[in-house]
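Sequences listed follow chains W and S, in order.
Under my numbering, residues 112 to 455 are what the first sequence spells out, in order.
Under my numbering, residues 112 to 455 are what the second sequence spells out, in order.
Identical copies go unnamed one by one, so any copy, or any two together, can satisfy a pair.
Only pairs whose alpha carbons sit at most 20 Å apart, straight line, appear in this in silico SDA-like list of lysine to any residue:
| hint | residue 1 | residue 2 |
| --- | --- | --- |
| 1 | 288 | 323 |
| 2 | 346 | 371 |
| 3 | 368 | 348 |
| 4 | 404 | 214 |
| 5 | 288 | 377 |
| 6 | 174 | 228 |
| 7 | 218 | 205 |
| 8 | 404 | 215 |
| 9 | 218 | 204 |
| 10 | 368 | 394 |
| 11 | 368 | 436 |
In short, the hints are calculated from the structure, not lab data.
Please read these numbers as outputs of a predicted model, since none were measured by experiment.
Here is how the chains run, residue by residue.
2 protein chains.
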Amino acid sequence: MRNSGKSPTMKDVAREAGVALGTVSKVFNGIPVGKSYKQKVEDAAARLGYSVNSYARGLRADKTRTVALILPCLDHSFFSELANAVSYELTRRDYRLVIATTQFDIKAEARCIQMVRQNRVDGIIGLTYAPGLEISDDLPYVSIDRYISPSIPCVSSDNFSGGALAANRLMELGCAKPLFLRIGSQVIGETDKRGAGFIAACDMKGADYTAQRFNDEDGLEAIYRFLDGHIIDGKLEYDGIFCCTDRLAFYVINHLKRRGIRVPEDVQIIGYDGTRQFFTAEYYCSTIVQPVKQMAETAVNILLNEERSVAPALICLPVSYAAGGTTCEPTAFDEEALQWQANI
Amino acid sequence: MRNSGKSPTMKDVAREAGVALGTVSKVFNGIPVGKSYKQKVEDAAARLGYSVNSYARGLRADKTRTVALILPCLDHSFFSELANAVSYELTRRDYRLVIATTQFDIKAEARCIQMVRQNRVDGIIGLTYAPGLEISDDLPYVSIDRYISPSIPCVSSDNFSGGALAANRLMELGCAKPLFLRIGSQVIGETDKRGAGFIAACDMKGADYTAQRFNDEDGLEAIYRFLDGHIIDGKLEYDGIFCCTDRLAFYVINHLKRRGIRVPEDVQIIGYDGTRQFFTAEYYCSTIVQPVKQMAETAVNILLNEERSVAPALICLPVSYAAGGTTCEPTAFDEEALQWQANI
Chain W
112 MRNSGKSPTM
122 KDVAREAGVA
132 LGTVSKVFNG
142 IPVGKSYKQK
152 VEDAAARLGY
162 SVNSYARGLR
172 ADKTRTVALI
182 LPCLDHSFFS
192 ELANAVSYEL
202 TRRDYRLVIA
212 TTQFDIKAEA
222 RCIQMVRQNR
232 VDGIIGLTYA
242 PGLEISDDLP
252 YVSIDRYISP
262 SIPCVSSDNF
272 SGGALAANRL
282 MELGCAKPLF
292 LRIGSQVIGE
302 TDKRGAGFIA
312 ACDMKGADYT
322 AQRFNDEDGL
332 EAIYRFLDGH
342 IIDGKLEYDG
352 IFCCTDRLAF
362 YVINHLKRRG
372 IRVPEDVQII
382 GYDGTRQFFT
392 AEYYCSTIVQ
402 PVKQMAETAV
412 NILLNEERSV
422 APALICLPVS
432 YAAGGTTCEP
442 TAFDEEALQW
452 QANI
Chain S
112 MRNSGKSPTM
122 KDVAREAGVA
132 LGTVSKVFNG
142 IPVGKSYKQK
152 VEDAAARLGY
162 SVNSYARGLR
172 ADKTRTVALI
182 LPCLDHSFFS
192 ELANAVSYEL
202 TRRDYRLVIA
212 TTQFDIKAEA
222 RCIQMVRQNR
232 VDGIIGLTYA
242 PGLEISDDLP
252 YVSIDRYISP
262 SIPCVSSDNF
272 SGGALAANRL
282 MELGCAKPLF
292 LRIGSQVIGE
302 TDKRGAGFIA
312 ACDMKGADYT
322 AQRFNDEDGL
332 EAIYRFLDGH
342 IIDGKLEYDG
352 IFCCTDRLAF
362 YVINHLKRRG
372 IRVPEDVQII
382 GYDGTRQFFT
392 AEYYCSTIVQ
402 PVKQMAETAV
412 NILLNEERSV
422 APALICLPVS
432 YAAGGTTCEP
442 TAFDEEALQW
452 QANI
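Turn these sequences into a full structure, and let the hints steer you where they fit.
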């Protein structure tokens, strides 16, 4: 079936492929579906001459071809990387990017949303913390790292699996008393699942763990006091620490070094984010790497998708572990033994 | 004299203060003028109820209240900081920010400029490298770190003084054979003055210096090869290095450490930018700190200034030196002696 004259829509592709509309949407959003379904959709799209690009171009003429990204700030490794990836994804689709930074003022977030609405944009990608933030359904909105409501798609890394991965890695590397440290906003967001995943993995192994949460208002000083309170005769009570961000890991490592505690000999530390020095060099620490490029691509795809209502409410993209010198990595031989143990 | 009814302009302020229009422009652009002139302008502005903000609001109604920032990328410490500061300056003036990243593709820069023009913005702040980039005079444009033509204002840090400051500091700290290393674009920009300032300061002291330039195409490998070629019997021929960026300093330090050369004991190193780990913690190395916030504020002020033609063609903002562990800083007592020596 050819739909000549006007550009094919996703519905045409679904009909041609003999699959549900949701399946087509998933394929174009990069969300996993069965291999044969993916093939069917791609073949149908090729036959019809449908492409994500031509599709984006088929948007109504009153569109501004502008997307707004709302972020706390840009001088922060994860936010800079995310903004860079979103900019790349929009530019290659001939969209332009408006960036609004709230400078961590949560009262500024609603104002930012209002501002970008007034100035007409086709959609918003928001990484926000304001409690009770109200987002109306009339403007396409994709949230990053925070689930707001079933009608607003949220994209994040798989924080829960990341937390579990960190806990399991610490235990595999010999830690008997792992600690989870978190500092962050009081608003519950997807990133809180890092601690939940850590706890679940420790519970499963019956590990003697501790999970300690601090709010931004407490400051790093509260974490330093907590650590100092658990140093007895110059020895830290914990032999492994999972920090909710690489930035926190960096400050914790520096503090422990000031106290004469060696990393990784005395305590092994894993962070979260996959932050590299100067964005290109070594990791700051052993870390759970966020798939920043895929997160940006997924958020942009969903936002520009005409049938956005078929998008899943929450998409958690897979993370990976990377050694960065703050854990005692086994030799290749030991690694094999670990894998073997894990499989029995 | 009161100009009631309509908002006062800069011309009104100049008349009221009894100073030249250029002086008023300088004061509002944060460019140093004599103290008494500054006071006169500020008093006149207060009497007339003139403020930079009300002034910006007085722009013609057909303005978009949107400014575009063109950058190579956002996942780079200096660019992230600059973008963050520009975002802050625009937001507090009720302007919105469009960001276009060229991902270091210099062919993309002209396209970016075209794109933001088509989409209507009130002005552009550009940090670009494309050789022969043509910028028409009809759209307000402020360049960062690259002088394009007399009619296009350029804002940068005082790169020449920064280079001289680095050279003088190395020599004060006892370096007899200082080296300058640069890697960058083939297009001449303001940042090339870092090397020129270094050379001028070394010449003035009759120092036995070397200045070595590499292009991005050469890659870091070329710098490593150069350094290796100047290690004789495990000893580097140079006792001080000024690197054109902190990022280059970081890679140079790591390479020298791999070769068993100690920093700062065997060779002292100063970078340029003032890059902090995670944007908030320690400096990566001893460094010449760029005044990023002031650069952003100055660029935004000039861009939104109605009488932009009075803006100077090139504004170089003062830099400062910060110790960051890769130089052998003197004790407070020695520092005093150094100051005393410098004054005789």
